[in-house]
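*Asks:* Take a look at the letters that make up each chain.
Number of protein chains: 2
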Amino acid sequence: MRIVAFVLGIGAALTTTVAAAQPLSVAEVGSFHVGGRAVSLSGLPTRDVVFTAGSAPIKVDPNGDFEVEQMYVGFTKLAQPKARYPLLLWHGGGLTGVTWETKPDGKPGWQMFFLRAGHDVYVSDAVERGRASWARYPEIFTSEPLFRTKKQAWEDFRIGAVGSYKLNAAERVALPGQLFPIEAFDQFFKQGVPRWATTDAQTQTAYNELVQKICPCVIIVHSQGGNFGFNAALTAPDKVKALIAIEPSGAPKPEATGGKLKGVPHLIVWGDFIDQSDLWKRFVPASQRYADALRADGGVADWWGLPKLGVSGNGHMLMMDRNSDQIAQMIQKWMAEKGLMR
Amino acid sequence: MRIVAFVLGIGAALTTTVAAAQPLSVAEVGSFHVGGRAVSLSGLPTRDVVFTAGSAPIKVDPNGDFEVEQMYVGFTKLAQPKARYPLLLWHGGGLTGVTWETKPDGKPGWQMFFLRAGHDVYVSDAVERGRASWARYPEIFTSEPLFRTKKQAWEDFRIGAVGSYKLNAAERVALPGQLFPIEAFDQFFKQGVPRWATTDAQTQTAYNELVQKICPCVIIVHSQGGNFGFNAALTAPDKVKALIAIEPSGAPKPEATGGKLKGVPHLIVWGDFIDQSDLWKRFVPASQRYADALRADGGVADWWGLPKLGVSGNGHMLMMDRNSDQIAQMIQKWMAEKGLMR
Numbered sequence: 000m001r002i003v004a005f006v007l008g009i010g011a012a013l014t015t016t017v018a019a020a021q022p023l024s025v026a027e028v029g030s031f032h033v034g035g036r037a038v039s040l041s042g043l044p045t046r047d048v049v050f051t052a053g054s055a056p057i058k059v060d061p062n063g064d065f066e067v068e069q070m071y072v073g074f075t076k077l078a079q080p081k082a083r084y085p086l087l088l089w090h091g092g093g094l095t096g097v098t099w100e101t102k103p104d105g106k107p108g109w110q111m112f113f114l115r116a117g118h119d120v121y122v123s124d125a126v127e128r129g130r131a132s133w134a135r136y137p138e139i140f141t142s143e144p145l146f147r148t149k150k151q152a153w154e155d156f157r158i159g160a161v162g163s164y165k166l167n168a169a170e171r172v173a174l175p176g177q178l179f180p181i182e183a184f185d186q187f188f189k190q191g192v193p194r195w196a197t198t199d200a201q202t203q204t205a206y207n208e209l210v211q212k213i214c215p216c217v218i219i220v221h222s223q224g225g226n227f228g229f230n231a232a233l234t235a236p237d238k239v240k241a242l243i244a245i246e247p248s249g250a251p252k253p254e255a256t257g258g259k260l261k262g263v264p265h266l267i268v269w270g271d272f273i274d275q276s277d278l279w280k281r282f283v284p285a286s287q288r289y290a291d292a293l294r295a296d297g298g299v300a301d302w303w304g305l306p307k308l309g310v311s312g313n314g315h316m317l318m319m320d321r322n323s324d325q326i327a328q329m330i331q332k333w334m335a336e337k338g339l340m341r
Numbered sequence: 000m001r002i003v004a005f006v007l008g009i010g011a012a013l014t015t016t017v018a019a020a021q022p023l024s025v026a027e028v029g030s031f032h033v034g035g036r037a038v039s040l041s042g043l044p045t046r047d048v049v050f051t052a053g054s055a056p057i058k059v060d061p062n063g064d065f066e067v068e069q070m071y072v073g074f075t076k077l078a079q080p081k082a083r084y085p086l087l088l089w090h091g092g093g094l095t096g097v098t099w100e101t102k103p104d105g106k107p108g109w110q111m112f113f114l115r116a117g118h119d120v121y122v123s124d125a126v127e128r129g130r131a132s133w134a135r136y137p138e139i140f141t142s143e144p145l146f147r148t149k150k151q152a153w154e155d156f157r158i159g160a161v162g163s164y165k166l167n168a169a170e171r172v173a174l175p176g177q178l179f180p181i182e183a184f185d186q187f188f189k190q191g192v193p194r195w196a197t198t199d200a201q202t203q204t205a206y207n208e209l210v211q212k213i214c215p216c217v218i219i220v221h222s223q224g225g226n227f228g229f230n231a232a233l234t235a236p237d238k239v240k241a242l243i244a245i246e247p248s249g250a251p252k253p254e255a256t257g258g259k260l261k262g263v264p265h266l267i268v269w270g271d272f273i274d275q276s277d278l279w280k281r282f283v284p285a286s287q288r289y290a291d292a293l294r295a296d297g298g299v300a301d302w303w304g305l306p307k308l309g310v311s312g313n314g315h316m317l318m319m320d321r322n323s324d325q326i327a328q329m330i331q332k333w334m335a336e337k338g339l340m341r
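Protein chains in written order, with numbering that gives the first Met the number 0: chain A, 0 to 341; chain B, 0 to 341.
Derived by calculation from the structure, the hints in this document are not laboratory data. Be a bit skeptical, because a hint or two may be false.
One copy or any two copies: either way a pair holds, since identical chains are not told apart in the list.
[Unchecked claim] Straight-line Cα separation of at most 25 Å, BS3-like style, residue types lysine-lysine; simulated pairs:
#1 Lys106 - Lys76
#2 Lys58 - Lys280
#3 Lys150 - Lys307
#4 Lys332 - Lys58
With the hints as constraints, model all of the structure from the sequences given.
*Replies:* Below is the structure:
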């Protein structure tokens, strides 16, 4: 594992602060759905549904034609982008593109940061969640959805230690030095959506179609999005100009690289408190082995353990932490060094 | 029923065309969740879930603490809005805020139109759908979700006559003069989301909280959003400066107005082909009676049957039709006449 030394330039920090006061010059705000397929259901029994309490049930026929497994992509295009390629932001599991928008504490998130830094920004909702919609189960999605609990998020996202979650927000104690705005934890939780354990292949297919539609591009992925991003780059190494994986929960097997990604710089970023989480201690090695394989191929795979770079206190949702702009600025500098800005 | 005569000014149309080429000066793009409540589930049995095909099932405990019944609101704030109040866009049933974004044929929708016209625009996803998320049923939402079929959308949205829907897109024949881009019908259908018949009260509560959070404002509602909008204005007549209801599928009882809305101008807009749809012939009278009651109170309730104003060919999704800008421009002119622009 190679550690990349990093010093945040004072000049760059000042530039960002000044830019924050200026309006953005925006060519278009919009969205589209991409991918998916037509499905027809037949032979299912009609169901009696009560539409209004107290009124007679109405027969509902679930059979018919549908569109399923598409994904949603919202975009903000600048009049004069300074980045060479659009920037795609791919969220993690049980979440949507809201991950990248305004932070739960009401402050601007990475969507605004990277717009201000001069990128056209595409924020998507993957198959099964948010504005991508979801399909009837078990007829189309083959399993039932899973609903993350607050306790799971509190612990799995390394906001508090295992066992420290309390229903009463006032009684919750975060990990020492934790930079997540814990007063906004319940607000953050409103961003959560149900997830399925059986839609990975459909999701990868839709992401690959997205890459074909709007890339060349740079992609920032988070958590569950890591695997989708790594695989998207393997599928279209000519289209993905850089991949930045924030705490990827998995990675392809090292032998998958096959020398195809020498021209696709990768950056993998990890926050703090990994050594206190059995979950993440188990998840980190896959991306380590994958980064090693990329470098063995002669490619670029930079690995940032933030505490070793002097940046402490970040959990899994680091794009929402109090120092989120600092980390975004580090990534922005990396992108500039890789020749991704004009 | 009073018909309001309308002539589209050539000058206004030219202004819009010129403005379309200019970038927007945007202060902030962002989002938030509003409303909802904490819910704790207990006593439910654990379930065996297979996460990866072929691997052993893992026990999943559905009990725990959740946030439910919140709604999602995305916003684009201009550096120098020309409108006095922000503009809120509320979608219809089985849909999300995507209704107002880029149209299924890839052309800009009403979100962009009203941004260019100088409004801060808030596009929301109501409770149960899109980025608002949805809650476990039947434990929290008390019924099962409903999935609209393509046939239902094709017929109920007055794109084609009852009986004219075909699975094969090439065989679909629209109503004569229909302005929906039928080549993009399947693309439109990807915007659909499951709906519940039992979440109206929770949805109204969240909309009312939204109004308290960000109004004074002007609200444009569509279809199922009509009732939510009418009731939001009744609940906060000091906060809602105008209500524009596009094909509202219902309205409060006339006696509900209670003289409270004299200062809140209402505009109700209906498209074409109503007389060919038993569904809409049944739905129109509620908003007619409600508009009559508003006027009897001494308030403003303008009623536009678009064909009588010389605008033909619009179905239920008129904000996606080929002449969507024309209708938006008529509404923009109405807002200006009502003193809602600076």
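*Asks:* Each hint needs a verdict: does it hold in this structure or not?
*Replies:* Each hint tested on the structure:
1. Within a single copy, Lys106 and Lys76 get their C-alpha atoms as close as 21 Å, and across copies as close as 14 Å, so both meet the 25 Å cut-off.
2. Taking CA atoms no more than 25 Å apart as the test, Lys58 paired with Lys280 passes between copies only; the shortest distance there is 21 Å, against 51 Å inside one copy.
3. Within a single copy, Lys150 and Lys307 get their C-alpha atoms no closer than 28 Å, and across copies no closer than 58 Å, so neither meets the 25 Å cut-off.
4. Proximity of Lys332 and Lys58 under a CA criterion of 25 Å is satisfied in neither setting, with 59 Å inside one chain copy and 44 Å between copies.
In the structure shown, a violation is registered for the earlier hints numbered 3 and 4, in ascending order.
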